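If you use this note's numbering, the sequence shown corresponds to residues 12 to 238, in order.
You may find that some hints are simply not true.
Here are the simulated SDA-like pairs of lysine to any residue, each with C-alpha atoms no more than 25 Å apart in a straight line [what the hints assert, rightly or not]: (1) 204 with 103; (2) 226 with 207; (3) 127 with 225; (4) 127 with 177; (5) 36 with 53; (6) 237 with 118; (7) 74 with 56; (8) 147 with 119; (9) 226 with 211.
Everything labelled a hint here was simulated from the structure, so no lab data went into it.
Since the structure is predicted, the reported quantities are computational estimates derived from the model, not experimental observations.
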Amino acid sequence: MPISSFEIFLKSLKTHPLIDATISKSEYVALDLSVNNPDLKSVNVSSSDDLEKYIWHYINSHKAKVAYGGYIEKRGIYERSTYFNQNNSDEVRNIHLGLDLWIEANTPIYAPLDGKIHSFKNNTNHGDYGPTLILKHIFSDTQFYTLYGHLSIASLEGLKVGVEINQGQQIATLGTTKVNGDYPPHLHFQIIKDIQDYKGDYPGVCNQFNLEFYKGNCPDPNLLLKL
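Start from the sequences, fold in the hints, and give me the full structure.
Okay, structure coming up:
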């Protein structure tokens, strides 16, 4: 599929790392959590503890500090939650629309670009984002949004819609399994072109039927992160 003008624009932007800038890109390792990864067949992905042990063993065995990945990845982990599963099998939401950074809870998160606080919310469904922040970005005639999910509850305290955020400013810390939707600690980072009427939330997982729409509206976050 040819790259869109929006994707070319995103790729042209210079961004600040989402986490500690002293961690080099060589200390990031790509992680496959898809249903096609044979190593996950022996892991109970419904258990956040078991999945966390698998992820940290993977990170340590690769002498890395952060694991990343997951864009347009079909995952089995969402089968544990009724939030993602409807009665019709065609409507099962199991395709991940963001990019995850797997690292310890309480890790500081930084704004990759200048922006404003669009909205925030604690999404408390099982398997949901938990505390979530959305920033709005405007560059020349281009407007888009970035979403940060699985944050700490403290990250939402004192926030106000419309407040300006500077590139490189700390905007949050990562939440623990108890508050982040019952996942191993990680950041879900997602780009959204048209946020529609959502506030403090936006689908981070879709079904096969709606995939083409979401691929267009939520392009690969790695266009910005360049990992």
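Quiz item: Hint numbers the structure violates, sorted upward?
Solution: 5
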